[in-house]
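Participant: Residue numbers (my numbering), protein chains in the order written: chain S, 1 to 113; chain F, 114 to 229.
Derived from the structure by calculation, the hints contain no laboratory data. Please read these numbers as outputs of a predicted model, since none were measured by experiment. The C-beta atom is built at its ideal place from N, Cα and C for all residues, glycine as well. No false leads were slipped in.
Have a look at the derived ranges for each label pair, beta carbon to beta carbon:
| no. | chain 1 | residue 1 | chain 2 | residue 2 | range |
| --- | --- | --- | --- | --- | --- |
| 1 | S | Ser80 | F | Thr191 | 44 to 52 Å |
| 2 | F | Asp130 | S | Thr111 | 34 to 42 Å |
| 3 | F | Ser125 | S | Asp26 | 34 to 42 Å |
| 4 | F | Asn166 | S | Gly16 | 45 to 53 Å |
| 5 | S | Asp38 | F | Pro121 | 13 to 21 Å |
| 6 | S | Leu79 | F | Leu159 | 28 to 36 Å |
| 7 | S | Met19 | F | Gln224 | 25 to 33 Å |
| 8 | F | Thr182 | S | Gln17 | 47 to 55 Å |
| 9 | F | Pro121 | S | Ser84 | 25 to 33 Å |
| 10 | F | Gly114 | S | Arg77 | 21 to 29 Å |
| 11 | S | Gly16 | F | Gln158 | 34 to 42 Å |
| 12 | S | Gln17 | F | Gly129 | 48 to 56 Å |
| 13 | F | Leu159 | S | Arg77 | 22 to 30 Å |
| 14 | S | Ser95 | F | Asn166 | 18 to 26 Å |
Capping the alpha-carbon separation at 30 Å, the derived lysine-lysine pairs in BS3-like fashion look like this:
| no. | chain 1 | residue 1 | chain 2 | residue 2 |
| --- | --- | --- | --- | --- |
| 15 | F | Lys181 | F | Lys170 |
| 16 | S | Lys14 | F | Lys155 |
| 17 | F | Lys171 | F | Lys181 |
| 18 | F | Lys184 | F | Lys135 |
| 19 | F | Lys150 | S | Lys9 |
| 20 | F | Lys171 | F | Lys150 |
| 21 | F | Lys155 | S | Lys9 |
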Amino acid sequence: NAGVTQTPKFQVLKTGQSMTLQCAQDMNHEYMSWYRQDPGMGLRLIHYSVGAGITDQGEVPNGYNVSRSTTEDFPLRLLSAAPSQTSVYFCASSSGGSGNTIYFGEGSWLTVV
Amino acid sequence: GENVEQHPSTLSVQEGDSAVIKCTYSDSASNYFPWYKQELGKRPQLIIDIRSNVGEKKDQRIAVTLNKTAKHFSLHITETQPEDSAVYFCAASARGSSGSARQLTFGSGTQLTVLP
Numbered sequence: 001n002a003g004v005t006q007t008p009k010f011q012v013l014k015t016g017q018s019m020t021l022q023c024a025q026d027m028n029h030e031y032m033s034w035y036r037q038d039p040g041m042g043l044r045l046i047h048y049s050v051g052a053g054i055t056d057q058g059e060v061p062n063g064y065n066v067s068r069s070t071t072e073d074f075p076l077r078l079l080s081a082a083p084s085q086t087s088v089y090f091c092a093s094s095s096g097g098s099g100n101t102i103y104f105g106e107g108s109w110l111t112v113v
Numbered sequence: 114g115e116n117v118e119q120h121p122s123t124l125s126v127q128e129g130d131s132a133v134i135k136c137t138y139s140d141s142a143s144n145y146f147p148w149y150k151q152e153l154g155k156r157p158q159l160i161i162d163i164r165s166n167v168g169e170k171k172d173q174r175i176a177v178t179l180n181k182t183a184k185h186f187s188l189h190i191t192e193t194q195p196e197d198s199a200v201y202f203c204a205a206s207a208r209g210s211s212g213s214a215r216q217l218t219f220g221s222g223t224q225l226t227v228l229p
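With the sequences and hints as input, model every part of the structure.
Facilitator: In C-alpha cells form, the structure reads like this:
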C-alpha cells in the first residue's frame, strides 16, 4: 500500500513548455485533488475530482487541466508553463469529501525559468 | 467561498511551554476543521481534527477548540518539544464551485519554533 504517489519529485521547465504531473493512489479513494503551495500562502486548491469522469475547479485553476479516467489516477497538466507556476504541488486523496482524512503525496517541486 | 485566516505567522516558545495557534473562518456552513503539521521538505500530515458538533478534542499534548458562534478554532500544544518545530496549517471545509462537494480551504500557516 503505497498511498499517494506523485512524479516527478523535481522538474525544471522553460517558459511555454507543457508537462504533466502524475498522481496515483492505491487506497480506492473517490476524492482526489491538487494543491499548490507558495511561501506564506498555505495550500491552494487547483482542481479536484469526486470520482472517475468528474472534475471541478478549485481556487486557482487557470493554466492547469486535469482528467480522471480511472479511480487511481489524477494527472495535472500545465498547458504553457509560466514563472508564476513555480511552486510545490501536492496531490491528495480521501475516501469521501470533506470530513474524511486527506492524505497527501510527497510533493513535486516545479521551477519555471 | 470560504476564507480562513491564521495567526500568528511565526511563533517561538521555550521547550516545555505551551503554544496556541488561532484560526477564523467565514463560511458558517463549514463543519470540519483539521490541523496539519508540515516539516521542512515534507508533506502535510493530519495531527488532529474537529467537527462542528464538538467543542473540544484532545490527543495527548494536542488539543483543538471550536467556537462556531464566533467562527474560530484554535490549536493548543502543551509541554512543547523541539520535535514540535514545524509549520502548522488549519483548514476548514468549503463547498466546491458546482456545489457538489466540499473541499478544504487552508490558512496561511504558522511557523512554530521550539527553543531548547
